[in-house]
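Going by full-length UniProt numbering, the first residue of the sequence shown is number 1, and it counts up by one from there.
Please keep in mind that the hints were generated in silico from the structure rather than gathered at the bench.
Cβ atoms here follow ideal geometry from the backbone N, Cα and C, with glycine treated the same way.
Fair warning: there could be bad hints in the mix.
Below, a list of computed lysine-lysine pairs in the DSBU-like style, where the Cα atoms sit at most 35 Å apart [said to hold, decoys possible]:
1. Lys319 / Lys422
2. Lys219 / Lys422
3. Lys276 / Lys219
4. Lys219 / Lys510
5. Lys96 / Lys221
6. Lys422 / Lys221
7. Lys276 / Lys221
8. Lys239 / Lys221
9. Lys276 / Lys319
10. Lys319 / Lys96
11. Lys324 / Lys221
12. Lys96 / Lys219
13. Lys142 / Lys219
14. Lys276 / Lys239
15. Lys219 / Lys113
16. Lys113 / Lys96
17. Lys239 / Lys219
18. Lys453 / Lys496
19. Lys142 / Lys239
20. Lys276 / Lys113
21. Lys496 / Lys221
22. Lys239 / Lys422
23. Lys96 / Lys453
24. Lys510 / Lys496
25. Lys422 / Lys324
26. Lys96 / Lys142
Pairwise CB distance ranges (calculated) [said to hold, decoys possible]:
27. Ser491 / Glu30: 53 to 59 Å
28. Ala139 / Glu341: 29 to 35 Å
29. Lys142 / Pro471: 55 to 61 Å
30. Ala226 / Asn121: 44 to 50 Å
31. His451 / His513: 18 to 24 Å
32. Arg264 / Glu30: 20 to 26 Å
33. Pro116 / Thr419: 42 to 48 Å
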Amino acid sequence: MTTPERPNILLISMDDAFAFWRFRNAFGVELQTPNLDRICARATAFHAAYCQTPVCGPSRSSFMSGLAPHQTGIFDNYSEIFELLRPEQMWSYRLKEAGYFCSTGGKIHHGYKPRPPEVHNALYSHEAQECHFGPSRTAPHKDFGGAGRGLGTTDEANDSQYYDHTSADYAIDFLRRYDGDAPFYREAGFHNPHPPFRTPARFKEMYDENDFIMPEEWKQKRESDAFAEASFPPNFPLKNETAWRKTIRNYFSCYSHVDWHIGRVWDALQASPHAKNTLVIITADHGYHMGDKARFRKYTLWEEAAGVPLIIYDPRQDKGQVVKDPVALLDIGQTVMDYAELPPLQDSPGRSLRPQVDGAVQDDRSVPTFFFGSAGIRHGQFRYIYYQDGSEKLYDLESDPWQLRDVSPNHPMLSEMRTRLKQTASQYGMFICDDEACEPHPTEYVSVQEHGKQPVSPPTSGQIAFEPPDPDMPDYPGWRRYFLRPRTDMSIDLPKAWRELYYPGDIGDKAEHLEVRCNDLGCHIDFMGGHQRIALRIFGGRGNDRIETAHDPITAYLQSGDNTVEAGFADAIIVGGSGYDRIECQRAENRVHGGTGDAHIICGTGHDIITTGDGRNIVHGNTGTSDVTIDGGTNVIEVGPGDMVLHFQRTGLPQVVKGYKGGELDISDWNTLGPYDLSSDGRDAILTCGTERVRFVATDVAVLRQALADIE
């Protein structure tokens with residue numbers, strides 16, 4: 001820097017952006033990134049930078065905290081970073097505490113909306129600014145085809161409505177206006193080149209789809225990779241080259257689109273008073289496959305998904321340079337601390353990259369990328385992958401850049417690479433437990449290889465395994481997470497040492513049914529995912545259990561604790577227990593019985609069949625259709641905007657209905673009690689019959705009389 005002051009820091013993040021220099025001319029068409037190119041001409045470009053996990057949320061949680069995924073405990077997009085980590089654990093918090101004015105706009109942490117106020121206010125020095133997605137679907141556009149349809153808006157008046165345009169505008173406005181005495185830290189987060197590959201049409205028209213050429217190597221028969229096929233399966237058949245050309249054109253156009261906006265921010269910085277004292281870091285959360293290995297996606301341990309662009313601009317530099325030594329995405333945190341003259345991050349396996357920006361050559365380093373219990377490393381010219389089933393792959397990137405030929409059998413580097421991976425994984429918080437003696441450090445996550453030995457005592461962080469935990473394992477203090485990858489149908493009795501059970505999100509395995517019996521200490525069963533994977537049958541314990549699902553059908557039987565069940569988008573059967581239960585339905589068909597305890601039941605947007613239990617219950621209607629049977633207990637039924645049918649059984653207890661404006665009533669179970677009676681009590685209507693009494697709050701008697709006449 002040209003001044004002795006601490007530098008300003010500008011962090012720019014793209015979404016799903018591959019290491020563009022590697023693919024620039026790989027497909028017969030040059031990727032056009034003129035703005036990134038001119039920045040690189042004055043900066044340090046790290047051509048072997050790797051994310052620590054090829055998944056959006058976990059990767060961002062990692063590089064924004066400086067912690068590896070097995071230190072954060074975040075492995076999929078269904079774990080919210082600030083439910084597991086505190087804002088104070090982000091390195092940007094340390095900047096704010098050290099006197100930096102901290103500012104943000106766009107996607108930096110996972111998600112496209114600002115963080116909740118308690119998080120935002122802890123990390124940033126101004127009110128939140130929200131970027132909205134646009135233009136609307138009705139905006140004039142052209143359909144260019146390919147994955148995501150490749151829509152291109154044709155009216156330039158709509159250009160300013162794109163998420164990335166808004167994010168760039170916010171950053172530009174900040175750079176022009178900021179005149180505070182404190183150094184600033186500014187974040188600018190962009191959406192592209194993330195699907196659905198929507199841009200102004202002129203960016204699509206930069207590329208002729210017919211000019212793209214598929215590499216001949218892709219068409220050769222590739223060796224089987226069974227674990228990879230099951231864990232992150234192919235999603236893009238290469239037989240349709242026309243679809244491939246359209247899709248890669250869409251991705252390239254999005255890259256050029258975000259490049260244009262990065263150029264706008266760069267120009268604003270260079271025109272501002274901050275140009276000579278602002279460090280600029282440009283990166284992405286992970287890479288992306290372009291159709292190789294029949295994949296157009298992230299979620300793998302190969303170079304295409306693990307590699308990321310990483311550019312560091314130090315205004316003291318005279319000219320650009322390229323660093324080919326492997327570096328880690330989470331090195332960003334330590335690098336920022338170094339430039340900001342702050343102490344290094346504790347417990348972070350990252351390293352400051354400032355020495356390399358200054359021209360130093362690093363030592364012989366291996367850099368890892370993890371996917372749950374599997375890991376890969378880049379070391380020298382090799383990529384080595386050790387999958388959780390014990391299979392391994394070794395690729396020579398100089399002779400096989402697309403990693404199509406496994407050279408591990410009898411290769412002289414195999415043993416060394418295997419040792420390096422295990423040592424590196426341990427340094428980043430994951431201990432690989434295989435056929436050897438398994439004695440992990442207590443704070444490490446343990447990856448138990450298929451058919452491998454489980455640790456004698458559970459680690460304090462968590463474990464990732466194919467087999468269920470040992471039901472006879474003694475109790476250990478603390479709250480531990482068990483990530484299960486069932487390869488076959490199984491039944492699990494959770495020992496007291498394990499309090500959280502997770503099914504890794506969106507992993508494809510062969511099991512169809514899973515039965516879980518919770519322990520009595522209170523368990524968290526989390527089966528969030530983006531598609532249906534397995535049918536669940538869960539028996540709660542006597543503690544306070546929390547059960548969450550998304551697309552997996554579930555049958556749950558609750559016991560005496562105070563329990564929470566969040567059913568997802570697949571069918572559910574839930575039987576309440578004898579404690580206090582909160583049961584929330586979403587889409588699909590759900591059957592809920594309130595049990596013997598108290599229950600708060602929230603209907604969903606599908607079709608719900610609700611039977612109240614013997615306690616004090618509240619039932620909330622929703623926009624779906626609901627059949628509610630009042631079969632026992634005292635109940636408050638809140639009718640929602642959807643259709644609700646009310647079936648009144650004989651309970652001998654007073655009931656309350658709110659929001660009733662007409663609809664089907666069933667009192668056939670009262671037939672032996674004699675005639676019913678209707679009366680008014682203020683604004684309420686009262687329905688009585690023998691020992692039964694129902695108060696319809698704020699309902700006109702005439703509305704109730706008409707509903708009863710319809711069933712006579």
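A quick look at each hint next to the structure:
1. Distance check on the hinted pair: Lys319 and Lys422 sit about 38 Å apart at the alpha-carbon level, beyond 35 Å; violated.
2. Among the hinted pairs, Lys219 with Lys422 is consistent with the structure: their alpha-carbon atoms are about 33 Å apart, no more than 35 Å.
3. Restraint check for Lys276 and Lys219: the C-alpha separation of about 50 Å exceeds 35 Å, so the hint is violated.
4. For the proposed pair Lys219 and Lys510, the alpha carbon gap of about 28 Å is at most 35 Å, so the pair holds.
5. With a CA separation close to 54 Å, the supplied pair Lys96 and Lys221 exceeds the 35 Å bound.
6. Between Lys422 and Lys221 the alpha-carbon distance is near 31 Å, which keeps this suggested pair within the 35 Å criterion.
7. With a CA separation close to 53 Å, the supplied pair Lys276 and Lys221 exceeds the 35 Å bound.
8. Taking the CA atoms of Lys239 and Lys221, the gap is about 13 Å. The hint holds against a cut of 35 Å.
9. Straight-line distance between C-alpha atoms of Lys276 and Lys319 comes to about 14 Å, which keeps the hinted pair within the 35 Å bound.
10. Note on Lys319 and Lys96: the hinted pairing holds, with a Cα-Cα distance of about 31 Å set against a maximum of 35 Å.
11. About 30 Å separates the Cα atoms of Lys324 and Lys221, which keeps this hinted pair within 35 Å; it holds.
12. Restraint check for Lys96 and Lys219: the C-alpha separation of about 52 Å exceeds 35 Å, so the hint is violated.
13. Between Lys142 and Lys219, the direct Cα distance comes to roughly 32 Å. Compliance with the 35 Å bound is thereby established for this hinted pair.
14. Between Lys276 and Lys239 the CA atoms are separated by roughly 51 Å; this puts the pair beyond 35 Å, and the hint is violated.
15. Taken as a hint, the Lys219 and Lys113 pair is broken in the structure, with Cα atoms around 41 Å apart against an allowance of 35 Å.
16. Proposed proximity of Lys113 and Lys96 is supported: the alpha carbons are some 21 Å apart, at most 35 Å.
17. For a cut-off of 35 Å, the pair hint linking Lys239 to Lys219 stands: about 9 Å separates their Cα positions.
18. Distance hint between Lys453 and Lys496 is fulfilled; the C-alpha atoms sit about 19 Å from each other, no more than 35 Å.
19. Between Lys142 and Lys239 the CA atoms are separated by roughly 25 Å; this keeps the pair inside 35 Å, and the hint holds.
20. Taking the CA atoms of Lys276 and Lys113, the gap is near 32 Å; set against the 35 Å cutoff, the hint holds.
21. For the hint linking Lys496 to Lys221, the alpha-carbon distance of about 48 Å lies beyond 35 Å, and the restraint is violated.
22. Note on Lys239 and Lys422: the hinted pairing is violated, with a Cα-Cα distance of about 38 Å set against a maximum of 35 Å.
23. The hinted pair formed by Lys96 and Lys453 fails the criterion: a straight-line CA distance of about 45 Å is larger than 35 Å.
24. The straight-line distance between the Cα atoms of Lys510 and Lys496 is roughly 27 Å, inside the 35 Å bound, and the hint therefore holds.
25. The hinted pair formed by Lys422 and Lys324 meets the criterion: a straight-line CA distance of about 23 Å does not exceed 35 Å.
26. A C-alpha spacing of about 45 Å is found between Lys96 and Lys142, which places the hinted pair above 35 Å, so the restraint is violated.
27. Take Ser491 and Glu30: their Cβ atoms lie about 56 Å apart, and the range 53 to 59 Å holds.
28. As the Cβ distance of Ala139 to Glu341 is approximately 48 Å, the hint placing it in 29 to 35 Å is violated.
29. The given range of 55 to 61 Å is respected by Lys142 and Pro471, whose C-beta atoms sit roughly 60 Å from each other.
30. As the Cβ distance of Ala226 to Asn121 is approximately 49 Å, the hint placing it in 44 to 50 Å holds.
31. Checked against the given bound of 18 to 24 Å, the beta carbons of His451 and His513, roughly 21 Å apart, stay inside it.
32. Look at Arg264 against Glu30: about 22 Å separates their beta carbons, and that is inside 20 to 26 Å.
33. Evaluation of the 42 to 48 Å hint for Pro116 and Thr419 yields a pass: the beta carbon distance comes to about 44 Å.
Violated hints, listed in ascending order, are 1, 3, 5, 7, 12, 14, 15, 21, 22, 23, 26, 28; each of the other numbered hints is respected by the structure.
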